[in-house]
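Engineer: Those protein sequences? They're chains A and B, same order as listed.
Residues in the first sequence are numbered from 1 upward in steps of one, following the numbering used here.
Residues in the second sequence are numbered from 1001 upward in steps of one, following the numbering used here.
The set of hints was computed from the structure by calculation and includes no laboratory data.
No experiment lies behind these values; they were computed from the predicted model shown.
Misleading hints may appear alongside valid ones.
As the list claims (entries may be wrong) - With beta-carbon atoms standing in for the labels, derived distance ranges: (1) 174(A) to 1242(B): 25 to 33 Å; (2) 69(A) to 1186(B): 23 to 31 Å; (3) 414(A) to 1395(B): 24 to 32 Å; (4) 281(A) to 1116(B): 17 to 25 Å.
To be verified - These stretches of chain A come out as covered by chain B in the derived footprint (C-beta under 8 Å, 3 or more residues): (5) 71 to 83; (6) 94 to 108; (7) 152 to 163; (8) 234 to 243; (9) 322 to 329; (10) 379 to 387.
Quick reminder that beta carbons are idealized off the backbone N, C-alpha and C, glycines included.
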Amino acid sequence: MFGYYLDLALRSLKRNPALTVLMVMAIGFGVAASMITYSVFRAVSGNPIPDKSAQLFMPQIDAWGPQQNDKGEPAEALTYVDAMALLRAHAAKRQTLLYLVQLSAMPGGSRELPLGLNGYAVTSDFFPMFDVPFRYGNGWGAQGDEARASDVVISAELNRKLFAGAYSVGRTLDLGGHDYRVVGVAGHWNPQPRFYDLFSTSGFADEPDFYMVFNRALDLQMRPGGRNSCRGALTFTTWEEYTQSNCVWVTPWVELNTPDEVARYRGFLTHYAADQQHAGRFSWAPNVRLRDVTQWMDYEHVVPPESRISLAVALGFFLICLVNTIGLLLAKFMRRAGEIGVRRALGASRREIYTQYLIEAGTVGLAGGVLGLLLTALGVAGVGILFQPHIAKLARLDFSLVGLTLAVAIVATVLAAFYPTWRAARVQPAWQLKSS
Amino acid sequence: MNLQIRPILAALRRHKAGTVLIALQIALTLAIVCNALFIIHARLANLSEASGVDEANVFVIQNQWAAERPTSEVDAQVRADLLALRQLPGVRDATPATGYPLKGGGWDNFVTLTPDQVQPTTDAAVYTGDEHFIDTLGLKLVAGRNFRPDEVMVMGTGQAITPPTVIVSKALADKLFPAGDALGKSFYAMGATPSTIIGIVDTLHRQGVDPWSNSHAGQSLIWPARSADARGVYYIVRAKPGQLAAAMREAPKALLAQSRLRIFDPKDGIQDYATIRHKVYDGDRGMAILMAIICVVLLAITGAGIVGLTSFWVSQRRRQIGVRRALGARKRDILAYFLTENFLISGCGAVVGVVLAYAFNLWTVSHFELDRMSAIYVVIGVIVLLLLGQAATFAPARRASRVPPVEATRSV
Chain A
1 MFGYYLDLAL
11 RSLKRNPALT
21 VLMVMAIGFG
31 VAASMITYSV
41 FRAVSGNPIP
51 DKSAQLFMPQ
61 IDAWGPQQND
71 KGEPAEALTY
81 VDAMALLRAH
91 AAKRQTLLYL
101 VQLSAMPGGS
111 RELPLGLNGY
121 AVTSDFFPMF
131 DVPFRYGNGW
141 GAQGDEARAS
151 DVVISAELNR
161 KLFAGAYSVG
171 RTLDLGGHDY
181 RVVGVAGHWN
191 PQPRFYDLFS
201 TSGFADEPDF
211 YMVFNRALDL
221 QMRPGGRNSC
231 RGALTFTTWE
241 EYTQSNCVWV
251 TPWVELNTPD
261 EVARYRGFLT
271 HYAADQQHAG
281 RFSWAPNVRL
291 RDVTQWMDYE
301 HVVPPESRIS
311 LAVALGFFLI
321 CLVNTIGLLL
331 AKFMRRAGEI
341 GVRRALGASR
351 REIYTQYLIE
361 AGTVGLAGGV
371 LGLLLTALGV
381 AGVGILFQPH
391 IAKLARLDFS
401 LVGLTLAVAI
411 VATVLAAFYP
421 TWRAARVQPA
431 WQLKSS
Chain B
1001 MNLQIRPILA
1011 ALRRHKAGTV
1021 LIALQIALTL
1031 AIVCNALFII
1041 HARLANLSEA
1051 SGVDEANVFV
1061 IQNQWAAERP
1071 TSEVDAQVRA
1081 DLLALRQLPG
1091 VRDATPATGY
1101 PLKGGGWDNF
1111 VTLTPDQVQP
1121 TTDAAVYTGD
1131 EHFIDTLGLK
1141 LVAGRNFRPD
1151 EVMVMGTGQA
1161 ITPPTVIVSK
1171 ALADKLFPAG
1181 DALGKSFYAM
1191 GATPSTIIGI
1201 VDTLHRQGVD
1211 PWSNSHAGQS
1221 LIWPARSADA
1231 RGVYYIVRAK
1241 PGQLAAAMRE
1251 APKALLAQSR
1261 LRIFDPKDGI
1271 QDYATIRHKV
1281 YDGDRGMAIL
1291 MAIICVVLLA
1301 ITGAGIVGLT
1311 SFWVSQRRRQ
1321 IGVRRALGAR
1331 KRDILAYFLT
1341 ENFLISGCGA
1351 VVGVVLAYAF
1361 NLWTVSHFEL
1371 DRMSAIYVVI
1381 GVIVLLLLGQ
1391 AATFAPARRA
1401 SRVPPVEATR
1411 SV
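Looking at chain B on its own, in the form it has when it is part of the complex (with noise of 0.2 Å):
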């Protein structure tokens, strides 16, 4: 086909406002639907991580303590909790915790390989739990052992105290010993002495979602604990398949009748997985929906803006058009002449799209410590706004083919 490129910039050249106000368009809104989906994807991404966790049965009772009591007798009191737990008929097994995955940030440490080190190696999440708490979040040992009963510390209140064996997730135990020979090697984390590490589990999250842990993700470790702190614990409680609401309502009776002076906050007291992976994305997930509705919503009003000024140039140039119908041009040439027109004027914007669309995203890389953007969604933005160009000088372009060649000689 022979694309008439000079006719069309000439006539161009007369409706330069027009042009300009099109190709604006097309440019910022490239710039702001790039963004857009690329805020998209990440939040998406965050959204599927995995926890590790056996999310379909697993719940978190918030257990705070009413009054104060000595380390010993929180101790004891937890552990005939722990008992009552794991002989409910739903249940399949407890453990006690002073947080959980995707709890929305907890307890970190910084880790060293040797004692005297300045400079953290890492940086990973602290769980506490006894030899349960595999079993109960549901994790995958991979390497190594569980913790025996007998390792198993208990931790009073604001002890800072350092068990001699650890377990560590994979992604702590190839950060630390990246040859792969991380089983029975030691480290410390924050404590004047070391912590062997006895067993690796597959994945673990940590607590926290914020970006500032994404260079650290992954990496946690298990230290055998019981806390038997005066303020609270938190039971993590793995039910058996299927009884997940049955358990979670047994589960807080039971320790009543333990004992009564406890208390289950109304709000986030007794929290199913679901509830906790849909509590700590939230930002996320709204980012995500609202940076989606922003570019539905702009791709509609550009396109029909498209729309609307190219009715009226259309309509400006029927006689022109005539003339062009009469001197031989076919139907088609017409309507490739105009789909032609707004693809040099698309991809002139995208040009200063793809400029806009980076600048925006340095400003969000710089201002808030986001990732670069990769060239993917440009190339998809430019793809996106081209085609919606096209698809929306199609229906004026068309009506304009079918201006009768018979125009020419009306009017004057």
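Next up, chain A with everything else stripped away, as it sits in the complex (with noise of 0.2 Å):
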């Protein structure tokens, strides 16, 4: 019966070809829409660690105090000092203090001009707890930290670039005048949004091109390279006095297995901030967050307004091309009101006249499906016209988009074509045989 029932829809949609390509644009345009906002707004609000996420968490301290804090929320980052005391206490089992830094590499082989480099000073604990992959070698240990080593560990694409892909591991690199030792070679590793760094990044940037072991950093006092942010009179000239300072420039990070743990530390944060108090440093209460991956994102507010307000107008306009499909298809069906009652007149069951419009209804909507996806495919290839770059290019058209559009077609036009189709079951034989 499908087959008949196929030839008879496709009978009838060649009949009124105008009404038949109208409801396929709707369908096709307004699945589109849906599709190509839905997939920046699937790549920037996906979860960029999701076995982990429930156990990394970023610890805030309130070091501006009630009246320079941001309406009662503690700053984005922590000073120098309260960083400092976090890393010292070690009340996690895995903790990691990281900032941006700007190094250069020197000339030498066959490049003539130094080369920029963006990276992050960080604790050895870093690479276990963000699972950061290797290629070659592996991160500094414990003793690294320990011993301010100038031990390095660069992407692949920095390996690329300097090593021509060649295994690095132990050969000694040249970072603005000071002399490294690679460690390791870092798999492609670039998480987005960029949960560990949304303090001086939106969440979207170009893969790190290197990693430095964070005590060396402040040895060689390199100032942040991202975000700074302070309160009050500001009188530093010195790094000492910087670092004195109520700046905040460190990002920390704690991975915390259980909710007994969560629960420690959370504790633990309040009872520095209390003895900061004490000690007179602090003229108010504790006042610390401790808040993982997910609930940081939402926070600092990752997935950008324009995503989320377009995603919602798209789904509106596929809502209005929906509601433009069903009157069409009754135009369509109740049109047809006579030869539903010849055949009602004949025998056929309700039943068979849904089987029959609703395979009609699926036909435009597997149509508006496939035009859909062309639309989309066009549209994620020229969707750097419609958001930035950054984000742009985390669009793509990927198996799971294309079954998303066909499936999404196809299920809207046949959940619209459900009334129309009633409609056209509840025709009374009788009555349309009489009139005709």
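Combine the two chains into a complex, taking the hints into account.
Structural biologist: Below, the structure written as structure tokens:
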């Protein structure tokens, strides 16, 4: 029966090409608009570290007080003093401190000019905490932190530029006039959004070129290459004065595996802030936060408002296309009331009418889906016009998006067809036969 | 003309589904179109914001130092670089800076009128430069004077210095001293010592374009300081009229001839203002384009949908139309009938649509800190959709009006 109904559907659609094209276009455009905006939304709102997002936490300590903080919320990074205190206390199984730094690879080999590099000063736990993959070698261990070593982990891309992609562990590298020893080459690793540094980045940035020992960066008095935020009157001129100021620039992360550990760490933070209050450094009650990756990304508004608004508008657009389709299908089906009457009089059940007309609607949905797919492919390719480059390049037409596009088009059209079909199935055979 | 509203309503009662569908479509379309127009207008307004910079002739070099050196050496290099840049035949002027208008975010300080004031009076974008800053950017000095060379301080790596003199944008001057007597007055911008306003420039856009800074729009200050930061410096360069391309070619060569231990990022190391402006408003432009596409396609689909449904109604009612014609109705009575019918349906849809439009706007206001939509967009949206409804009905209605009276006698 399916084949026969399909044949009927195609005949019916051919009888009224303008109406058919209109329906297919409405579905196609509606689906495409939704899918293009969804592909971007999916990319920016995804969980960058799904296996551990509930175990990684970003501690915040209010070092500015109620009069200078952001509407009661502690700053989005730590002061040097608080960051070092957390590191020394070692109250979590794993913890890291990090900040963005810039360096340059000095000329050498075939390169005449220095090469600008962006990277992070991190502590050794950074690599196991964030599951950084390694192509060669490994991160440095705790003794690297202690020894304030000139160890460096470089990205695969930098390894390609400097060492032609060869095994470079143990090689020496001149960065900004100081020698560093390569201990590891990271595999491709650039989680998007960059949950671990939402202080200095919007969450979307090119892969970092290197990771260096946090203590070494401090010894070299390397200023943060990213954001720095201060309150009150600023008077520092030396590195020591800067580190004792209320400027925040260090991002801390801790790994806590059980609710117990989380509760204990939260207690530790409160306790630390209370100690600072007793010592007279803070003149306010403890104000601390401990957000996990998802909560932190929410708090930092990682998903750009543009992405949410355009998704909402596109979904509204799709809804209108569906209402449009309901109207057109209704017109199309009711125009054939006489035909339905004859079929019903000849013994067709309501169920058969349903089947026939839903198959017709499904055909429209499939055609709309195929058109939608083409438009989506076109849109994803041209999405650079609509969104900022670093976000646009995350949108991809992959297998799941293709499947979703087709499925949404067909399911939505069949759903939209329910009301018109119900009306068609209610046609009274006697009435129709009498009037014609 | 005698409007036949009663018979229309009676007829619509027999076509509830179609009526509701058209009204619903009009309502949803109105809600989306109003908001899209509002978004487009707001974004386009951003795109055309004045920066105060002579954008046709100015370009920016992002100069990163390759090796760490003490402040005095960096400063000597910066001064040598500037001399070299200013001597280029295509260059009118150049200045060292820590940021530039429309950079897309940067240095920003709270501003207070007294040293112990806790709640800041406002917030200003901070620029630093030497006595060439105003001429290089092409800013208009509307009051006071420019910096003198001896007022320019040297600012080493990460040093929080507070020069005693400052030039502010008119927007900042008016915000701090609404009486218009800002010249000669002092304020604190996160320093322990005050800065005295010696000059006021007309327009000087902030570095960022984020919506959070809208309440401080145009509020900027310039401190007389030459950046000797070991990490790097921005050279803002103003080319002579018509020589932008040549100057952009020559400048990096001249700098590399001074010293090769520097890095110009291949992607954004040297940018003219057209590029800077294009980049910083990427998000705004994209949003406006997306909304415009959606608006156009949406109106087309809604219009076509109305044509389809009305055609169906007309074909269903051929006999009734024939009867009316036979009983003396003129062609234009039939035409008016269908147009009025559509007007009633669209009108109802528009009423619902206005409510939906405001609801959507409220959602964006509460979630994304967007502005409230002004009524003008709703009015425009309603007019556009009512006209669209009438236009879409016109062709089928004309076909209806051509139904011959003899149709009344056919069939049955």
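Engineer: Does each hint hold? Answer for all of them.
Structural biologist: For each hint, the structure was consulted:
1. 174(A) to 1242(B): 25 to 33 Å: 43 Å, violated
2. 69(A) to 1186(B): 23 to 31 Å: 27 Å, holds
3. 414(A) to 1395(B): 24 to 32 Å: Taking Cβ atoms as reference, residue 414(A) and residue 1395(B) lie about 31 Å apart, which means the hint holds.
4. 281(A) to 1116(B): 17 to 25 Å: Given about 20 Å between the Cβ atoms, the range holds.
5. 71 to 83: Not satisfied, violated; 0 residues make the cut.
6. 94 to 108: holds (count 4)
7. 152 to 163: violated (count 0)
8. 234 to 243: holds (count 6)
9. 322 to 329: holds (count 5)
10. 379 to 387: Since 3 is at least three, the answer is holds.
Hint check: violations occur at hints 1, 5, 7; the rest are consistent with the structure.
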